[in-house]
Amino acid sequence: PAQPPPPPRSAEATPASGPEGIMEGGGAEHGHDSVDAQDEEYFEAYAEDLYIHEQMLTDEPRTSAYLHAIQGLGERIRGAVVLDVGCGTGVLSIFAARAGARRVYAVEASGMASVAQEVMEKNGVAGVVSVLNCRVEDLVLPEEVDILVSEWMGTALVFESMWEGVLLARDRWLKMGGLVLPARAQLWGAPVELESLWATKVNMWKEVWGIDMSPLVPRAKERFFGRPIINHPITADAVVGPGELLLDLDMASATKEDIEDFTHVWTTKPTRRATLHGAVLWFVCSFPNNVEERLHRVEEQLEQVLSALETSAAAAHDGGGHVKALQAEVMEAQAASVEHVELSTSPWAALTHWGHNLLVFDSCHQIGPEQDIGWKFQMNRNRHFPRHYHLKLEASPMDTGGNAVDEVQPASETGVAHQSVTAGVPGDSHDQQRTGSGDTEVAAA
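So the sequence shown is residues 6 to 450, counted in the numbering used here.
Hints are not guaranteed to be accurate.
Claimed, not checked - With a straight-line Cα cutoff of 25 Å, these simulated BS3-like cross-link-like pairs (lysine-lysine) come out:
(1) 397 x 261
(2) 274 x 381
(3) 261 x 127
(4) 206 x 180
(5) 226 x 397
(6) 180 x 261
(7) 397 x 274
(8) 226 x 211
(9) 206 x 329
(10) 206 x 226
Unchecked claim - Computed beta-carbon distance windows for the label pairs:
(11) 123 x 224: 48 to 54 Å
(12) 309 x 266: 48 to 54 Å
(13) 220 x 272: 35 to 41 Å
(14) 224 x 79: 53 to 59 Å
Worth flagging that the hints you see were computed from the coordinates, not collected in a lab. Beta carbons are placed, not taken as given, at the ideal position from N, Cα and C, and that holds for glycine.
My request is simple: use the sequences and hints to build the entire structure.
Structure representation (structure tokens):
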């Protein structure tokens with residue numbers, strides 16, 4: 006639930022030229038000077054690197070999902086007050102204004118805020134949208150908001166830690182019962198076969214121009230698989246096991262503790278005989294719509310009409326057409342309730358600028374549908390670089406009693422050795438933060 010906002014330092018919001026606000030990430034825990042320096046570089050990248058904005062704006066699945074979600078709110082957004090956290094060039098704020106919002110506060114911490122202000126003026130919405138150039142923790146508004154919207158998702162959903170600013174804005178400024186867009190965010194994973202990638206990055210070193218280059222194979226594995234592989238498109242047929250839900254966030258109630266550190270353990274059977282190389286990660290975000298309210302309203306109207314028909318013969322004579330119309334509207338609303346707006350970066354969905362995120366083991370193993378494989382996935386926030394995470398993935402064969410076999414075993418037609426890959430991403434340039442790449446330290450068992 007929303008918390009009462011802190012006492013305002015001024016009676017009005019301070020319009021500025023800019024963007025998003027991301028919370029620092031812990032002050033004393035991470036070290037103010039270090040985190041502030043990282044944030045300055047982070048925001049500077051958003052201000053100066055137009056390619057970042059090009060990627061986002063030309064990502065049709067991403068942008069259309071937000072457009073349809075905002076438009077789909079219907080009466081819920083008309084006359085509402087909206088807060089856009091990390092507005093960038095201001096696209097989502099304009100969507101909200103055009104959908105009928107009474108006031109939109111577009112918060113952007115980078116220098117892109119001045120551009121966003123110009124964009125509002127060029128598009129005739131400057132009277133509705135106030136661009137505020139500040140960080141979220143410094144934000145002061147004259148009122149609470151009805152709707153909070155943000156495109157905060159990073160690599161593996163949580164990289165960049167922009168979620169922290171969203172939770173802060175929610176707790177300080179969102180009214181009780183207000184909406185958060187997206188409403189739900191999920192991180193998924195599945196085992197994959199990556200024959201082509203393995204061939205080009207590992208096998209090619211075994212012999213080059215008739216020369217045995219196998220001493221370079223360990224270095225190649227460390228160089229190419231010693232960190233998450235970001236934005237590497239794969240096809241759905243590379244997935245060799247069922248998807249597993251690793252993290253499920255209700256953005257109306259999620260906490261910092263839910264997202265900073267988590268572990269998920271599960272067992273699965275491969276869906277076919279294949280070579281196991283690692284796992285793919287993707288996220289799915291779902292958005293609320295106004296269908297539930299509409300359905301409830303129409304059902305109430307239908308109930309009232311049916312009640313009147315039971316007590317009045319005249320009403321029964323005149324109300325038949327009205328009943329049929331309401332029944333048709335109920336059926337339409339019920340059908341629409343199933344068709345909620347969703348943004349997915351999975352291998353089965355249209356490709357987005359997030360691409361697919363791969364965690365690759367340093368050796369591959371033959372697996373089959375008769376094999377039970379135990380998995381363990383961990384994500385821990387990097388305490389020194391709080392916009393990044395350390396990832397660890399383990400896979401182990403399971404014995405007939407359903408217990409993990411811990412000792413390393415040779416690969417076989419029906420087994421997979423205990424395998425582990427860990428990767429931390431301490432780079433601090435924006436491009437590394439957005440994509441999750443950067444220098445890493447990797448240990449593989």
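Quick rundown of the hints versus the structure:
At roughly 20 Å between alpha-carbon atoms, residue 397 and residue 261 fall within 25 Å of each other, so this suggested pair holds. Between residue 274 and residue 381 the alpha-carbon distance is near 14 Å, which keeps this suggested pair within the 25 Å criterion. With a CA separation close to 38 Å, the supplied pair residue 261 and residue 127 exceeds the 25 Å bound. A C-alpha spacing of about 52 Å is found between residue 206 and residue 180, which places the hinted pair above 25 Å, so the restraint is violated.
Taken as a hint, the residue 226 and residue 397 pair is honoured in the structure, with Cα atoms around 16 Å apart against an allowance of 25 Å. In summary, the hint linking residue 180 to residue 261 is supported, as the alpha carbons are separated by about 20 Å, within the 25 Å threshold. At roughly 20 Å between alpha-carbon atoms, residue 397 and residue 274 fall within 25 Å of each other, so this suggested pair holds. For the proposed pair residue 226 and residue 211, the alpha carbon gap of about 12 Å is at most 25 Å, so the pair holds.
Proximity of residue 206 to residue 329 is assessed by CA-CA distance (about 64 Å); at most 25 Å being required, the pair is judged violated. Between the alpha carbons of residue 206 and residue 226 the distance comes to roughly 8 Å, so the proposed pair stays at or under 25 Å and holds. Restraint check, residue 123 to residue 224: a C-beta distance of roughly 49 Å satisfies the suggested window 48 to 54 Å. Take residue 309 and residue 266: their Cβ atoms lie about 52 Å apart, and the range 48 to 54 Å holds.
In this structure the hint that residue 220 and residue 272 lie 35 to 41 Å apart at CB holds, the actual value being about 37 Å. Roughly 57 Å separates the CB atoms of residue 224 and residue 79, a value that falls within the hinted 53 to 59 Å.
Hint check: violations occur at hints 3, 4 and 9; the rest are consistent with the structure.
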